[in-house]
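Start from the sequences, fold in the hints, and give me the full structure.
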Amino acid sequence: MLKKTPLNNQHSNAKLVNFGGWEMPLHYGSQIEEHHKVREDAGIFDVSHMTIIDLTGEKVTEFLRYLLANDVGRLNTIGKAIYSCMLNENGGVIDDLIVYYQSNEQFRMVVNSSTKNKDIAWIKLHAKRFAVQLKERDDLAMIAIQGPKVMEKVKNLLPANALALKPFHAVWDEWFIARTGYTGENGFEVMLPANQAPSLWENLLSNDIHPIGLGARDTLRLEAGMNLYGTDMDEDCSPFEAGLSWTVAMNPQDRDFIGRKALQTQKDLANHRIMIALVLQDKGILRDHQPIYTNNGEGYITSGSFSPTLGKSIAFARVPMGKYEQVTVRIRNKTLSAKVIKPPFVRNGKIKVDVR
Amino acid sequence: MSETPENLKYTESHEWIAEGDDGSVTIGITDHAQQELGDLVYIELPEVGKELKQEEICGVVESVKAASDIFSPLAGEITAINTELEDAPELVNRSPYQDGWLFKLKTSDSLDGLLSHNEYATKIQE
Chain B
233 MLKKTPLNNQ HSNAKLVNFG GWEMPLHYGS QIEEHHKVRE DAGIFDVSHM TIIDLTGEKV
293 TEFLRYLLAN DVGRLNTIGK AIYSCMLNEN GGVIDDLIVY YQSNEQFRMV VNSSTKNKDI
353 AWIKLHAKRF AVQLKERDDL AMIAIQGPKV MEKVKNLLPA NALALKPFHA VWDEWFIART
413 GYTGENGFEV MLPANQAPSL WENLLSNDIH PIGLGARDTL RLEAGMNLYG TDMDEDCSPF
473 EAGLSWTVAM NPQDRDFIGR KALQTQKDLA NHRIMIALVL QDKGILRDHQ PIYTNNGEGY
533 ITSGSFSPTL GKSIAFARVP MGKYEQVTVR IRNKTLSAKV IKPPFVRNGK IKVDVR
Chain W
16 MSETPENLKY TESHEWIAEG DDGSVTIGIT DHAQQELGDL VYIELPEVGK ELKQEEICGV
76 VESVKAASDI FSPLAGEITA INTELEDAPE LVNRSPYQDG WLFKLKTSDS LDGLLSHNEY
136 ATKIQE
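Residue numbers (the working numbering), protein chains in the order written: chain B, 233 to 588; chain W, 16 to 141.
For the record, the hints were derived by calculation from the structure and aren't laboratory data.
Do not rely on the hints blindly, as some may be mistaken.
Once the Cα atoms are required to be at most 30 Å apart in a straight line, the calculated BS3-like pairs of lysine-lysine come out as [what the hints assert, rightly or not]:
(1) Lys247/B with Lys348/B
(2) Lys68/W with Lys515/B
(3) Lys312/B with Lys247/B
(4) Lys566/B with Lys65/W
(5) Lys493/B with Lys515/B
(6) Lys65/W with Lys515/B
(7) Lys566/B with Lys138/W
(8) Lys138/W with Lys235/B
(9) Lys236/B with Lys138/W
(10) Lys356/B with Lys574/B
(11) Lys68/W with Lys566/B
(12) Lys515/B with Lys121/W
(13) Lys138/W with Lys247/B
Below you can see the structure in the form of structure tokens.
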């Protein structure tokens, strides 16, 4: 039996797929049209399969400063969020997550659904020493609302304090509303009691916002230069090797966090792999696991797809350390040329790379 | 629901085959196949003049997230390919049995070994 989100009845017209044990919408007709709707208009996603965990305790700040590679010590206003990796002792990524500050005694964390069990086991293992309590909030549903026209289309559905939020901040109320997302567009992620989710969904649809499936969610996040756990990074790869150095707070130097020693060694040796972003110049589609050839050796594509906004194929790839402008990729029996660019490919509806 | 026209032959791998008057056949992928794949974004076809064996991989249709091989349902020589698809792969989604045809083949093989409309329609309901 597949697990169903509180919004399952809202997806009766979608093509449904088994997504890590959840019955989720892949698309509601056309994945590409849905992609363009989010870039040009507004869309909603059912992301209730994501795991929400509340952490409480007197030492919760101290605990999270030890558990996470980014530093929650930087957070001091209610609802402020950071993106972070949670590492093992070898510096490998157990998961990537967003953590929101409520007070020095309470935080909220959103982690991936595919990694939920190992995440919770890992967090609990270390929480003991700090007497931090975990509570999984499976009583909440989660809806992402994304796109340039979101602000005007949700005016009468979200409270004024939510509309006024700065990026990466949240309103912490019965409806937890965060100005975050996974598309590179403006918008919100709303966590609310499961029984209230269907009516919010229907109201959003009535305001001419389009339902978007997981298919478009993947091409949107790839264009936005955002990693996907399990394909772009895993426990055999450090944040430095996944384009996530910016999420690791090595300062202050006296903050001891899990994985720090291993990361320091990687930094000192400076020969770890790196992540690059590619635009295919020839015709064809870049796909996960295709081999990449550089002057410094071989690598592979971690996420590859067709970019509806660029009309070309794009990818992330992990390759030996080096500076690259051009690499080659093997697609079936052909060797094709791909240009190395600085991500994101697209942000706020605009193409950010020279694709010629 | 997907369409399966009665006047066509089919394969297990979701190609359709239309018999022409001149001993050539036209080949495409079925409505069911295009629905399963989703929006197509790239199609690679064999070259005109190429000799194919039966069930030889002769091309690929790629949707946003998946690539799927095209198998030649019969042995023969490629006499034409649908060059429109190079810039408009979505024709296969919009019109899998008309504008979205893939290639034509000159063949001396019999079509009797292929699936009938009924056999294919039953297969995709399973």
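Results for each hint:
Distance check on the hinted pair: Lys247/B and Lys348/B sit about 25 Å apart at the alpha-carbon level, within 30 Å; holds. A threshold of 30 Å between alpha carbons decides the hint, and for Lys68/W with Lys515/B the separation of about 26 Å falls inside it, so the pair holds. The hinted pair formed by Lys312/B and Lys247/B fails the criterion: a straight-line CA distance of about 36 Å is larger than 30 Å. Our distance criterion of 30 Å between C-alpha atoms is met by Lys566/B and Lys65/W, whose separation comes to about 18 Å.
Pair hint Lys493/B plus Lys515/B does not hold up; C-alpha atoms about 44 Å apart against a cutoff of 30 Å. The hinted pair formed by Lys65/W and Lys515/B meets the criterion: a straight-line CA distance of about 21 Å does not exceed 30 Å. Taking the CA atoms of Lys566/B and Lys138/W, the gap is about 35 Å. The hint is violated against a cut of 30 Å. Simply put, Lys138/W and Lys235/B have alpha-carbon atoms about 28 Å apart, close enough for the 30 Å limit, and the pair holds.
For the proposed pair Lys236/B and Lys138/W, the alpha carbon gap of about 29 Å is at most 30 Å, so the pair holds. Restraint check for Lys356/B and Lys574/B: the C-alpha separation of about 38 Å exceeds 30 Å, so the hint is violated. For the proposed pair Lys68/W and Lys566/B, the alpha carbon gap of about 21 Å is at most 30 Å, so the pair holds. Proximity of Lys515/B to Lys121/W is assessed by CA-CA distance (about 28 Å); at most 30 Å being required, the pair is judged to hold.
Distance restraint check for Lys138/W and Lys247/B: the Cα-Cα separation of roughly 20 Å lies within the 30 Å cut-off, and the hinted pair is therefore satisfied.
In summary, the numbered hints that this structure violates are 3, 5, 7 and 10.
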